[in-house]
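Chains as they are written, first to last, in the working numbering: chain A, 1 to 273; chain B, 1 to 262; chain C, 1 to 345.
Don't take every hint at face value.
To be verified - Straight-line C-alpha distance at most 25 Å; calculated BS3-like pairs for lysine-lysine:
1) Lys16(C) x Lys189(A)
2) Lys16(C) x Lys90(A)
3) Lys253(B) x Lys90(A)
4) Lys189(A) x Lys105(C)
5) Lys133(C) x Lys189(A)
In short, the hints are calculated from the structure, not lab data.
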Amino acid sequence: MRKPLYALLVVPGVALLVVFLFYPLVAILSPTFYDTNGLSISRYLAFFGDPYYMKILARTLRIAAIATLVCAVLGLPTAYFISRQRRGVKSFLMALSIFPLLTNSVVRAFAWIILLGRNGVLNDTLLKLGWIDRPLPLLYTEFSILIGTIYLFLPLMIITLIGSMDNIEEDITEAAESLGASRVAAFVKIVLPLSLPGILVGSVLVFTGTITAYTTPNLLGGNKNMLLATLIYQRAMSLSDWTGAGIIALVMILMTLVVVLVMQRLAGALDRR
Amino acid sequence: MAGRKHRLLMAVSILVFLFIAVPLVMIAITAFGEASTIRFPIQGFTLGWFTAVFASRSFMSSLLVSFVLAAAATLLALAVGVPATYALSRSSSHGKKLLSAFFLSPLFIPEIVVGYALFKFLVISMRLPIFAALVVGHFLVVLPYVIRVVGASLEQFDFSIEEVACSLGCNRPQAFAKVVLPNIGSGIIAAFMLSFINSFNNIPISMFLSGPGMSTLPKTLMSYIEYSYDPSVSAISVLLMAITVALMLIVEKTLGIASLAK
Amino acid sequence: MAYATLEDIRVSYDGKTNILEGLNLQIERGELVSLLGSSGCGKTTTLRVIAGFIEPNAGRFSLGGRDLTRTAVHKRNFGLVFQSYALFPHLSVYDNVAFGLRLRKLDAKAIESRVGSILDITDLAGLANRFPKQMSGGQRQRVALARALVIEPELLLLDEPLSNLDAKLRLGMRVEIKRLQKRLGITTVFVTHDQEECFSISDRVAIMNKGRIEQYDRPEVIYSSPVNEYVARFIGFTNFIDLTRIGPGRFRDSRGGEVLADLDRGAPSCVGAIRPDDIELSTASASGANEVPGVIEVRTFLGKSYQYELKTDLGTLVANVSRETPFEPGARVFACLPSSKIVVC
Chain A
1 MRKPLYALLV
11 VPGVALLVVF
21 LFYPLVAILS
31 PTFYDTNGLS
41 ISRYLAFFGD
51 PYYMKILART
61 LRIAAIATLV
71 CAVLGLPTAY
81 FISRQRRGVK
91 SFLMALSIFP
101 LLTNSVVRAF
111 AWIILLGRNG
121 VLNDTLLKLG
131 WIDRPLPLLY
141 TEFSILIGTI
151 YLFLPLMIIT
161 LIGSMDNIEE
171 DITEAAESLG
181 ASRVAAFVKI
191 VLPLSLPGIL
201 VGSVLVFTGT
211 ITAYTTPNLL
221 GGNKNMLLAT
231 LIYQRAMSLS
241 DWTGAGIIAL
251 VMILMTLVVV
261 LVMQRLAGAL
271 DRR
Chain B
1 MAGRKHRLLM
11 AVSILVFLFI
21 AVPLVMIAIT
31 AFGEASTIRF
41 PIQGFTLGWF
51 TAVFASRSFM
61 SSLLVSFVLA
71 AAATLLALAV
81 GVPATYALSR
91 SSSHGKKLLS
101 AFFLSPLFIP
111 EIVVGYALFK
121 FLVISMRLPI
131 FAALVVGHFL
141 VVLPYVIRVV
151 GASLEQFDFS
161 IEEVACSLGC
171 NRPQAFAKVV
181 LPNIGSGIIA
191 AFMLSFINSF
201 NNIPISMFLS
211 GPGMSTLPKT
221 LMSYIEYSYD
231 PSVSAISVLL
241 MAITVALMLI
251 VEKTLGIASL
261 AK
Chain C
1 MAYATLEDIR
11 VSYDGKTNIL
21 EGLNLQIERG
31 ELVSLLGSSG
41 CGKTTTLRVI
51 AGFIEPNAGR
61 FSLGGRDLTR
71 TAVHKRNFGL
81 VFQSYALFPH
91 LSVYDNVAFG
101 LRLRKLDAKA
111 IESRVGSILD
121 ITDLAGLANR
131 FPKQMSGGQR
141 QRVALARALV
151 IEPELLLLDE
161 PLSNLDAKLR
171 LGMRVEIKRL
181 QKRLGITTVF
191 VTHDQEECFS
201 ISDRVAIMNK
211 GRIEQYDRPE
221 VIYSSPVNEY
231 VARFIGFTNF
241 IDLTRIGPGR
251 FRDSRGGEVL
261 ADLDRGAPSC
271 VGAIRPDDIE
281 LSTASASGAN
291 EVPGVIEVRT
301 FLGKSYQYEL
311 KTDLGTLVAN
321 VSRETPFEPG
331 ARVFACLPSS
341 KIVVC
């Protein structure tokens, strides 16, 4: 059929996205570029000059970086292990890894409330063992947000890496071993370099996921340890600071775009293989 | 048994699996404890928390809201997304790339930002009823999944069977319905499942758009946790996990788990 | 004493069925030995036991008197060439070949000289900086070979290395492999399912079936006197007739006709085997032993000859006869099975 009809099929989607996504976005972002004197970026300068905001931004980036690193370090051997299993076991282990991804993030954060709270499992056990006299304040700290975030994104990293590792043929590692590489050496010299695309994609997903996540920092961090997402909510709902929330929103969008673009560049450079 | 074992690798992997599984198992166990706060290990055994959950109006009504919302948003996304993906797969590469990127763009906007933008626009400016706003918000979140999954199905589709159908007498809409749709059925089901689950579990959009009298289950759950700490939360968690397992089994029987790992 | 020995090897994955059972193999130093058989016969399993990827449930593998049965793969110093070449896609040809040498901590100068010389020997000079995906199948094969040879392995193990090449390349490459092997004197085990390829370059051939070695000898010996029907089928005997022995070299077939065979092993079960190329057809009967009357059912053109399927009282016989005197389907002919060409196994 001719082109005009195809256009018709696409129009509803385009219209809905423009009206309900792009217009509202513009509506919240454009006021951030005006101050009392008209068009200006003074609000952004104020944002980046404000130590309170910068502390939150630094905390968000710090947690995102550490979480990404830990997920990669833990995810690599696990994904490699799964990808080498035979079909039945592999399907089961993959299902085990996908299950948390489909479970609500509230439930996954709640698990750490149970574990890390003052009356939680960890403190209870340590008290009973006599290793401590008073419960440790583990919850509502950066540490609890970090653990919760790692817990949230580790399965995602594992699944992403499995996809990449499935493309590495088994006889390549066997060839490396026959040439004298121990299994560890074969993993480091052969599997790691060839998994780099998967590592990149997984890392981007974890990093951008962490800087935009709301549930985990909300439940495990409390008001003393805010991240960008909880900050937006507070600004918008509690303080009705629309422009403040808009500024943070744009910063978040830009950070996400930058990370994705950097990854695409890196992936392109690696593609000489 | 002949063969080699990867001992160190297996040890690390087992530890990681334990790390992932044990907390969830713990939640499940605490749902059965008799004490009025959450304790582990549990004392006593009761199903009372489950009955309390089923009896709670706020939990049940928000469960209903979540279900209906997920269904509505997903159906809307399918209705809009399937024809759009079909049109994209049939068009030349020039407009295709641009439009594909356009439809997938919501993925680059953090959900919390989408929630906030819609809050300002739909709730404050347009005064849209809460449910309608929720449907719009969830639709936006879910549409990229439909585009991606159905798009992947259509990429592998051999359009010459559509042409054969036309040669045998079908007009275009008939050919689409009789020949294209059934063959991308598994892709549509996968998209449905993925979208439904993601809408059901969504928090950032629901946080902003829920209101008095209408809330989704995750939001209700989160508010509850902020004020109380009793095993009914564990009970709901167990129910949610059970629903997830049920959905995974359905997908496994029809499509195979691997289709969700895209 | 043999250089490499497999003694009484048993391999089983589930404890019930044995992939290899009671397998014995002795290889002399500098020999090129092939393992030949159809899929599932256990030839690749045997190779992988030698390589160390499979630890046998029972039995020993020793090399030069040392027991290597439980030695880890990376400590064996064997060169491996896989069917898929298994080149490292992220490394250049030079780095692929140097990989094993770097692990052995050779210094850069030594590596450069050894890699350079092996690339010369395998005709890859000038391609050192290319990457696998930029190379043809034949070139990749040679890189895999170079990589395995440069470490000066004690054994070279090749698992169907030529299967992925086109026919012309296969012929060229197998000569290359033989040439290199002889020049470097490396003891080699070669796994294949292609009988012609294997017979052309091997010093000895082990024909395998269901985890056991049926016959292990020089190609010429196997070719002229296969030890049983399985082996005979593998090397081109397609006609088999049941015989009863009436004396040394003298047999009766199922019609009662007399059959003389020069090659009689004296084995209890008597099956006479003859190649299609060796059957002679004529319209006139010569009478006497080793003759079977029949009717031509199908004639196919093979280029150099016609192939005829004959229906006889002894079953269907397949004969390849030169194009000079073609026979028509339906014609009555007499098939002569010369006593010098029948093998009784």
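Hints and how they fare:
no. : hint                  : verdict
1   : Lys16(C) x Lys189(A)  : violated (38 Å)
2   : Lys16(C) x Lys90(A)   : holds (24 Å)
3   : Lys253(B) x Lys90(A)  : holds (17 Å)
4   : Lys189(A) x Lys105(C) : holds (15 Å)
5   : Lys133(C) x Lys189(A) : holds (19 Å)
Figure legend: structure checked against the earlier numbered hints; the only hint not met is number 1.
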